[in-house]
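Please build the complete structure, drawing on both the sequences and the hints.
There are 2 protein chains.
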Amino acid sequence: MLAIAKAFSRALGGRGIETLGVRAYAKALGDQSTLPLSTGRPRLVILGTGWGGARLARDIDPKKFDITIISPRNHMVFTPLIASSCVGTLEPRSVTVPITDIQPALRLPQNNFLLAECDAVHTQDRLVECSSTHDGLKFFVQYDVLAIATGSQGSTFGIPGVTEYTMPLRDAANSTDIRTRLIQNWGESSIPGRSPAERARLLHVCVVGGGPTGVEFAGELADFVRKDLAKLDPNRARDMRITLIEADQLLSSFDARLREYAALKLTRAGVHLVKGIVKEVRKDELELKNGAVIPYGLCVWSTGVGPTSFSLSLPFEKTMRGRLAVDDRLRVLARHADGRGPTSLEDVSMIQEERAAAGQPTGRPIPCIFGLGDVAATQETPLPALAQVAEQQGRMASVGGTSAVIELGGSGQQHVRWSGFTSWIAWRSAYLTRLGTMKHRLYVMSDWTMSLIFGR
Amino acid sequence: MLAIAKAFSRALGGRGIETLGVRAYAKALGDQSTLPLSTGRPRLVILGTGWGGARLARDIDPKKFDITIISPRNHMVFTPLIASSCVGTLEPRSVTVPITDIQPALRLPQNNFLLAECDAVHTQDRLVECSSTHDGLKFFVQYDVLAIATGSQGSTFGIPGVTEYTMPLRDAANSTDIRTRLIQNWGESSIPGRSPAERARLLHVCVVGGGPTGVEFAGELADFVRKDLAKLDPNRARDMRITLIEADQLLSSFDARLREYAALKLTRAGVHLVKGIVKEVRKDELELKNGAVIPYGLCVWSTGVGPTSFSLSLPFEKTMRGRLAVDDRLRVLARHADGRGPTSLEDVSMIQEERAAAGQPTGRPIPCIFGLGDVAATQETPLPALAQVAEQQGRMASVGGTSAVIELGGSGQQHVRWSGFTSWIAWRSAYLTRLGTMKHRLYVMSDWTMSLIFGR
Numbered sequence: 001m002l003a004i005a006k007a008f009s010r011a012l013g014g015r016g017i018e019t020l021g022v023r024a025y026a027k028a029l030g031d032q033s034t035l036p037l038s039t040g041r042p043r044l045v046i047l048g049t050g051w052g053g054a055r056l057a058r059d060i061d062p063k064k065f066d067i068t069i070i071s072p073r074n075h076m077v078f079t080p081l082i083a084s085s086c087v088g089t090l091e092p093r094s095v096t097v098p099i100t101d102i103q104p105a106l107r108l109p110q111n112n113f114l115l116a117e118c119d120a121v122h123t124q125d126r127l128v129e130c131s132s133t134h135d136g137l138k139f140f141v142q143y144d145v146l147a148i149a150t151g152s153q154g155s156t157f158g159i160p161g162v163t164e165y166t167m168p169l170r171d172a173a174n175s176t177d178i179r180t181r182l183i184q185n186w187g188e189s190s191i192p193g194r195s196p197a198e199r200a201r202l203l204h205v206c207v208v209g210g211g212p213t214g215v216e217f218a219g220e221l222a223d224f225v226r227k228d229l230a231k232l233d234p235n236r237a238r239d240m241r242i243t244l245i246e247a248d249q250l251l252s253s254f255d256a257r258l259r260e261y262a263a264l265k266l267t268r269a270g271v272h273l274v275k276g277i278v279k280e281v282r283k284d285e286l287e288l289k290n291g292a293v294i295p296y297g298l299c300v301w302s303t304g305v306g307p308t309s310f311s312l313s314l315p316f317e318k319t320m321r322g323r324l325a326v327d328d329r330l331r332v333l334a335r336h337a338d339g340r341g342p343t344s345l346e347d348v349s350m351i352q353e354e355r356a357a358a359g360q361p362t363g364r365p366i367p368c369i370f371g372l373g374d375v376a377a378t379q380e381t382p383l384p385a386l387a388q389v390a391e392q393q394g395r396m397a398s399v400g401g402t403s404a405v406i407e408l409g410g411s412g413q414q415h416v417r418w419s420g421f422t423s424w425i426a427w428r429s430a431y432l433t434r435l436g437t438m439k440h441r442l443y444v445m446s447d448w449t450m451s452l453i454f455g456r
Numbered sequence: 001m002l003a004i005a006k007a008f009s010r011a012l013g014g015r016g017i018e019t020l021g022v023r024a025y026a027k028a029l030g031d032q033s034t035l036p037l038s039t040g041r042p043r044l045v046i047l048g049t050g051w052g053g054a055r056l057a058r059d060i061d062p063k064k065f066d067i068t069i070i071s072p073r074n075h076m077v078f079t080p081l082i083a084s085s086c087v088g089t090l091e092p093r094s095v096t097v098p099i100t101d102i103q104p105a106l107r108l109p110q111n112n113f114l115l116a117e118c119d120a121v122h123t124q125d126r127l128v129e130c131s132s133t134h135d136g137l138k139f140f141v142q143y144d145v146l147a148i149a150t151g152s153q154g155s156t157f158g159i160p161g162v163t164e165y166t167m168p169l170r171d172a173a174n175s176t177d178i179r180t181r182l183i184q185n186w187g188e189s190s191i192p193g194r195s196p197a198e199r200a201r202l203l204h205v206c207v208v209g210g211g212p213t214g215v216e217f218a219g220e221l222a223d224f225v226r227k228d229l230a231k232l233d234p235n236r237a238r239d240m241r242i243t244l245i246e247a248d249q250l251l252s253s254f255d256a257r258l259r260e261y262a263a264l265k266l267t268r269a270g271v272h273l274v275k276g277i278v279k280e281v282r283k284d285e286l287e288l289k290n291g292a293v294i295p296y297g298l299c300v301w302s303t304g305v306g307p308t309s310f311s312l313s314l315p316f317e318k319t320m321r322g323r324l325a326v327d328d329r330l331r332v333l334a335r336h337a338d339g340r341g342p343t344s345l346e347d348v349s350m351i352q353e354e355r356a357a358a359g360q361p362t363g364r365p366i367p368c369i370f371g372l373g374d375v376a377a378t379q380e381t382p383l384p385a386l387a388q389v390a391e392q393q394g395r396m397a398s399v400g401g402t403s404a405v406i407e408l409g410g411s412g413q414q415h416v417r418w419s420g421f422t423s424w425i426a427w428r429s430a431y432l433t434r435l436g437t438m439k440h441r442l443y444v445m446s447d448w449t450m451s452l453i454f455g456r
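Chains B and P are the protein sequences, given in the same order.
Under the UniProt record's numbering, the first sequence has 251 at position 251, and the numbering climbs by one with no breaks.
Under the UniProt record's numbering, the second sequence has 91 at position 91, and the numbering climbs by one with no breaks.
Keep in mind that the hints were calculated from the coordinates and are not lab data.
All values reported here derive from a predicted model rather than from experimental measurement.
Idealized CB from N, CA, C, for every residue including glycine.
Careful: at least some of the hints might be erroneous.
Stated by the list, open to error - Derived DSBU-like pairs (lysine-lysine); straight-line CA-CA distance at most 30 Å:
| id | chain 1 | residue 1 | chain 2 | residue 2 |
| --- | --- | --- | --- | --- |
| 1 | P | Lys63 | B | Lys231 |
| 2 | B | Lys64 | P | Lys231 |
| 3 | B | Lys63 | P | Lys227 |
| 4 | P | Lys289 | P | Lys279 |
| 5 | P | Lys289 | P | Lys275 |
| 6 | B | Lys231 | P | Lys64 |
| 7 | P | Lys231 | B | Lys63 |
| 8 | P | Lys275 | P | Lys227 |
| 9 | B | Lys227 | P | Lys63 |
| 10 | B | Lys289 | B | Lys279 |
| 11 | B | Lys275 | B | Lys289 |
| 12 | B | Lys227 | B | Lys275 |
To be verified - Derived coverage of chain P by chain B (criterion: at least 3 residues anywhere in the stretch with Cβ under 8 Å from a Cβ of chain B; other residues may be distant):
| id | region |
| --- | --- |
| 13 | 124-138 |
| 14 | 187-193 |
| 15 | 232-244 |
Stated by the list, open to error - Here's a subset of chain B near chain P, in silico, CB distances under 10 Å, partners left out:
| id | residue |
| --- | --- |
| 16 | Pro98 |
| 17 | Ser132 |
| 18 | Gly187 |
| 19 | Ser190 |
| 20 | Pro192 |
| 21 | Pro234 |
Here you go:
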């Protein structure tokens, strides 16, 4: 990074961003760069390729904008299907869709996708400041309209050891890592001379977090152990244990009857449900607040999500939970008149509480800068906007195999509930219809068919 | 490793392999281990799950032996299909077959697969000494019949930088790494502000080695650039360059007409053929013996293979090229009467030359220990035995897309030659029929169909 900064300094005759100002600095960089063609249409810059960014990219009319998408991932991930890909029901390629498949107009010369991180937004100059993902080359892109959809990140709640020793369930690469670890532990457990305690540890999978992702992963894994591993080696499969640890209750945002149904199904599938709060994760074992120490071979972390340091650093208004505050048209709000720029979640909460107590008004909406998906929320509802719209239309969670709980309809509307095979089909079909391209629908269908016929 | 060794020392009352002797040491370890059941049949131990080991595992009659397979890989890799999986024509799962699918009897309690490396063979006590792949736990397994099929390893010919900076093409994981690097470089090349020279470097793929693997990879990649990347971004695809570097000639073991055909096809597909010897590989560039310096974004290394340090360390006779010397029934030969135990390839060549000059006879065949695949060779033929039988029956190399060279028939027999679409079908079909299970045949067929219809 330092070398790159120096190289730029040289290119700019030793003058940096501080002396030149953002606009001149960017212009100087632009002189030696291969910027995309422009048709003269306003340039829409989308940051992020998650549910929010990808959905916008798909729905936008490319005749109205020149489009630049900036993200460290060139594909969107069907996050609800990641649990399935950990045990081989689905292949990693089936749960990801390239952004150029989602918006084919990205192949036109005036549009482009840039594999990069956004580091800052300069509203005065309408520039985003970015660095390429792999070698950190710095560059600027001019926008007329900016859509921020950079998402959230897994929250460790400050618990020691979570980052070092547990595996998250957010990205396609995570599922490959989890699958590799499962195969490793399965293999290591049967080495002659392995002590019984060590064998038990290797065959123990701990899932922390009883939200839809954790529940679905535990269910899929139990199903995989019972149906596939049992065929491979019945003794070892019988010794395989799955524990789901949740501080509050399973699927807390769901209807009580569905929660009970999910708990019953998981228990019957052999998943051990533990109510507890994780105090510390260490290599090979974790400790609960009640003092219990649980050895594990694999620990999957799927608790709540929080704001990224990028979104916290943006010069816009934040909600109590650190998201970008947006109005009902998803426009971000200017920073509050007092000018305080919080950069940590603790600061945000404190400042918001003070302002709420003082009855201070929020900042004004900034035209042409939008926040969507997990990164943003309206001030009124503490939980997120666009990314959750689909969820409001159909909240679902699969519990492994041909059994699932499903709840359709928005809050206050009529609810439809099923369980068993029918809901499993509905659940899977719901994802199928949301997949971006025909190719991926076929991938997923082909994977499911293969799994059904031949096992995973 | 040290901690594990200490733990074992404790378990053995401080007595180690040196004081106890191999048999007693193994027995002491065995007392606390979960050794497989035995039916009283002779135990066949197979080391390795490559073409040789997997083929033997498939063909062996499990009613005649209790079977233990020991390998750091729980699957066999269809090495000739790895080139295709680098560009997404095939998925990694389609080019690997779990060893338990190849020999379903491995699921019976008296048989087992152990995810481990073999470290030594103790012929006196009929024990193999092993350590588990991931945590290095040491153990011993008794054999009545031993089949050594641990294969070869890529040879760097002592050229500096090969291990650090180039990517091999031998394992399914390699293809994932290569695919990831291609995507990274493609993305990095279009970052605004990237210098033209750096852009050219990132879009340059160097393939070193003009054997079947290198030729097939270069051909597949050229095909991918022309058909898939060109749709994504025609300018960038036009700037993508592929160079194939070979010291001697392309496909040197093939018929001259087929060699010319392959060279012509590759050149027409846009592959730049360079005759030269690599002197050194550095980060981002390599240097030829003639002084030429070639910048690259990705360098794939696919030159010849050599013996592993494990096979060199075995107390058996070696060939001039360091392989295990076997007789015509594939039995390994006892070490020569002079007792010299070479452990490096240079030693082997030297000792063999001295013995040949002195007219000394080779050692006697050891009953019940066999060498198969790349690890072994008969003294007469310097090139390998079993792994090449299939190759002798049909030497083939695909050159990307629907064009291939194919040569059928053994040496001295009538040769059949095709080129173009027919041979491509034949080439692909040949692999299909060799695939271990119906499931994998369907995977591969489904991948190919998807690629044909939707692109990669």
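Original post:
Holds or violated: are the alpha carbons of Lys63/P and Lys231/B at most 30 Å from each other?
Top reply: holds, 20 Å
Quick check on Gly187/B please, does its C-beta sit within 10 Å of some C-beta on chain P?
Since the shortest Cβ distance to chain P is 3 Å, the answer is holds.
Is Lys275/P close enough to Lys227/P, meaning Cα to Cα at most 30 Å? holds, 27 Å
- Is the hinted pair Lys289/P and Lys275/P satisfied, with a Cα-Cα distance of at most 30 Å? Answer holds: Lys289/P to Lys275/P is near 11 Å, not above 30 Å.
- For the pair we were handed, Lys64/B and Lys231/P, check the Cα-Cα distance against 30 Å. OK: Lys64/B and Lys231/P at ~22 Å, within 30 Å.
Practice task
Can you take a look at whether the region 124-138 of chain P is actually covered by chain B? Rule is 3+ residues, C-beta closer than 8 Å.
Solution key: holds (count 6)
Quiz item: Do the alpha carbons of Lys289/B and Lys279/B lie within 30 Å of each other, as the hint requires?
Solution: holds, 5 Å
| query | Would the pair Lys275/B and Lys289/B pass a check requiring their Cα atoms to be no farther apart than 30 Å? | reply | holds, 11 Å
Practice task
Could you grab the alpha-carbon distance between Lys289/P and Lys279/P and see if it respects the 30 Å cut-off?
Solution key: holds, 5 Å
Q: Would you mind confirming whether the straight-line C-alpha gap from Lys231/B to Lys64/P stays at or under 30 Å?
A: The hint holds at about 22 Å.
Q.
A closest beta-carbon separation below 10 Å is what the hint needs, so does Pro234/B meet it against chain P?
A. Holds, about 9 Å.
Margin query: Verify this for me: three or more residues of the region 187-193 of chain P with a beta carbon less than 8 Å from a beta carbon of chain B.
Written below: holds (count 6)
Hint compliance for this structure: no hint is broken.
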